[in-house]
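**Student:** Build out the structure end to end from the sequences listed, making use of the hints.
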Amino acid sequence: MHKGMPMKRVTLVWLASMTLALSGCASVTIKPVDFSWSFESVLTANSAGIVSGEPKTIAFDAGVLFRAETGNQDTAAGRTVRVIRDREGYYFVTSPGFKHVYVFCSSRGKLTLRKKVLIAAAGMEKPFFNRRERGIELGANGQVYLLNRKGIVSGGKK
Amino acid sequence: MKKLAGLLAILTLLLQSAGAFAQSSDYEIIQAYKSRHQSLLEAIKTAPDPGRRDALESQIGGLEAEYARHRQLLGEGLYPETFGNSIGALRDQLQKTTERLALVEESRKDKATIETISLKAEADGKTIVAITLQNEEYRLSLEKLTREVAELSAQIQRLSEENAGLVEQIQGLRLQGRKDKESIARLQELTEKLNANIRNRDDLIVRMMGSLFDEYSKSDLTDAQRNDLFVQARDGDYVAKIIETIDGNLQAVERTIMVPRDVGLIKYEEEKVSAKWQAIRPFIGKLYPDEQLAIRDLSRVDGRLSDWRKRIDETTWKSLRQVFAEQHVEIGSFTNADEFHARLLAYIDEQTASPSRARFRAFKTKVWDSPIKDQWLPVIPTDELTVEQRGDIERRIALWEKKISMLFWRGVLIGVFAAIVAAVVLVLILKRKRPRPPAPQDANAQVR
Chain A
505 MHKGMPMKRV
515 TLVWLASMTL
525 ALSGCASVTI
535 KPVDFSWSFE
545 SVLTANSAGI
555 VSGEPKTIAF
565 DAGVLFRAET
575 GNQDTAAGRT
585 VRVIRDREGY
595 YFVTSPGFKH
605 VYVFCSSRGK
615 LTLRKKVLIA
625 AAGMEKPFFN
635 RRERGIELGA
645 NGQVYLLNRK
655 GIVSGGKK
Chain B
20 MKKLAGLLAI
30 LTLLLQSAGA
40 FAQSSDYEII
50 QAYKSRHQSL
60 LEAIKTAPDP
70 GRRDALESQI
80 GGLEAEYARH
90 RQLLGEGLYP
100 ETFGNSIGAL
110 RDQLQKTTER
120 LALVEESRKD
130 KATIETISLK
140 AEADGKTIVA
150 ITLQNEEYRL
160 SLEKLTREVA
170 ELSAQIQRLS
180 EENAGLVEQI
190 QGLRLQGRKD
200 KESIARLQEL
210 TEKLNANIRN
220 RDDLIVRMMG
230 SLFDEYSKSD
240 LTDAQRNDLF
250 VQARDGDYVA
260 KIIETIDGNL
270 QAVERTIMVP
280 RDVGLIKYEE
290 EKVSAKWQAI
300 RPFIGKLYPD
310 EQLAIRDLSR
320 VDGRLSDWRK
330 RIDETTWKSL
340 RQVFAEQHVE
350 IGSFTNADEF
360 HARLLAYIDE
370 QTASPSRARF
380 RAFKTKVWDS
390 PIKDQWLPVI
400 PTDELTVEQR
410 GDIERRIALW
420 EKKISMLFWR
430 GVLIGVFAAI
440 VAAVVLVLIL
450 KRKRPRPPAP
460 QDANAQVR
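Residue numbers (the working numbering), protein chains in the order written: chain A, 505 to 662; chain B, 20 to 467.
Keep in mind the hints are simulated off the structure, nothing from the lab. Just so it is clear, the structure is predicted and the values come from calculations on it, not from any experiment. Accuracy of the hints is not assured; some may be wrong.
What the hints assert, rightly or not - If you anchor each label on the Cβ, the simulated ranges turn out as follows:
1) A:Gly593 to B:Gln50: 20 to 26 Å
2) B:Ala74 to A:Asn645: 35 to 41 Å
3) B:Ala74 to A:Val532: 41 to 47 Å
Every residue gets a Cβ at the ideal spot worked out from N, C-alpha and C, and that includes glycine.
**Tutor:** Next up, the structure:
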């Protein structure tokens with residue numbers, strides 16, 4: 505640093521540099537992004553209740569879901585969980601016997617429930633997800649539903 | 020615009036609803052496809068025979084058709100593979116399997132061929148060992164045969180020479196015409212010796228022929244071995260020896276006078292040699308590489324055997340004629356049964372016409388009853404001198420005998436009559452010469 509340079513001037517240069525650096529970083533944004541999975545993942549929980557699938561799918565503790573669904577301390581071990589992701593990146597999760605489809609968004613190592621969509625009060629038999637143009641298709645109890653992050657778009661009970 | 024969008028949304032919903040029951044989980048479609056693909060792949064890989072190819076091809080086509088509408092989904096589900104690739108993989112596998120099965124089939128055939136070849140090679144190996152052993156045996160037997168044949172040839176040669184000497188001696192004795200007991204005994208001795216020699220020589224030649232052709236007739240002989248035998252036969256001059264033997268027999272037959280026993284023996288010898296010759300004749304023919312030469316030699320032996328048979332016949336009739344001649348029964352010349360029959364009947368008829376008891380007795384006892392009837396006729400076949408011809412002769416002899424008998428009784432009757440006449444004449448003479456006693460003076464005479 506040169507002697508005699510006024511402090512004010514130095515401060516201005518630093519601020520300008522930081523502004524440029526921060527504005528450069530924030531300016532790289534990719535959109536639109538399609539986060540959707542081509543088809544659902546059907547994952548079976550291990551003895552610890554953790555579901556995980558092939559390298560491209562996620563892994564999480566499914567026990568939380570089962571406990572949330574039933575309200576008791578049910579174990580997820582050996583149970584299957586069906587997961588699919590839509591274009592926006594929301595995860596749709598359910599399991600045979602569930603009444604709901606859980607819509608999560610992901611952030612920094614966690615899934616945050618965005619929507620809990622009631623499908624069948626008596627529980628779903630053989631539910632499945634398919635990716636469709638307009639959202640996520642849910643098949644359950646002989647009905648077809650179109651879902652998005654907000655809930656049922658069409659089909660079945662809204 | 021909003022209305023249109025809403026309409027489209029409803030339409031889409033309806034369409035989706037309509038297809039709802041037909042829909043299923045994409046995941047399960049993919050899983051089902053993967054599962055069926057895997058099963059089919061396994062089936063193709065483990066296809067047991069090429070005959071399954073068409074069925075498997077058809078299954079691939081079926082799978083492709085069934086899942087074609089999920090092509091895109093499957094492309095994602097099978098990533099990095101595509102639906103087309105996965106079907107192509109099945110077809111590739113089918114092709115590989117087909118080739119593998121073809122190779123297996125080829126290999127199986129090759130294996131079978133190899134096994135066949137191996138077995139054949141093994142068999143050939145055994146055959147080679149067997150042939151080697153057989154060759155060794157053959158070599159030894161050929162050597163043995165060669166030695167044996169040489170010995171037999173020497174013996175045959177010796178007997179032939181001895182027989183020639185015997186024939187000379189017999190002829191000499193016959194020419195001397197000596198009838199003394201010693202000469203007859205000597206002649207008989209020489210003849211018996213000659214006949215024994217002929218038998219021995221025939222036995223030897225038959226053995227020699229047998230040795231050679233028993234060897235030849237072995238079915239497993241190679242061409243080379245047969246050629247060896249031919250050389251052996253040629254070197255040993257078998258055919259010449261056979262001809263020489265038959266010629267020797269022929270000479271012995273034609274130069275001697277046979278007794279009936281000799282005829283039987285010689286005919287037996289002739290039949291024995293002929294039978295052996297007929298048995299070996301085909302093999303001898305095959306021994307010759309030159310057919311013309313074979314025909315020539317075979318014909319020579321055939322001719323000699325035929326001559327031998329003829330000479331035996333001729334000598335038989337010649338010997339028979341000799342029987343008549345020795346007893347001075349001149350019936351004329353004959354060389355066969357018919358002539359014999361005709362001559363004899365003519366002679367008997369002639370004698371019957373002018374019967375002579377002495378000639379009849381000489382004919383009957385010294386010629387006909389023995390040796391002709393009891394010794395010669397048994398050795399003359401009935402197809403030569405038939406039963407009818409024999410019967411004719413017997414009947415004519417009976418007639419001759421009857422005539423002689425009648426002549427006898429006529430003589431007796433004449434004698435008896437002559438005796439009676441002589442007796443009557445004698446009685447009459449005696450009666451005339453006896454003096455008459457004086458006649459008594461009786462009363463009646465005085466009265467007259």
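**Student:** Of the hints given before, which are not true for this structure?
**Tutor:** Violated hint: only 3; rest satisfied.
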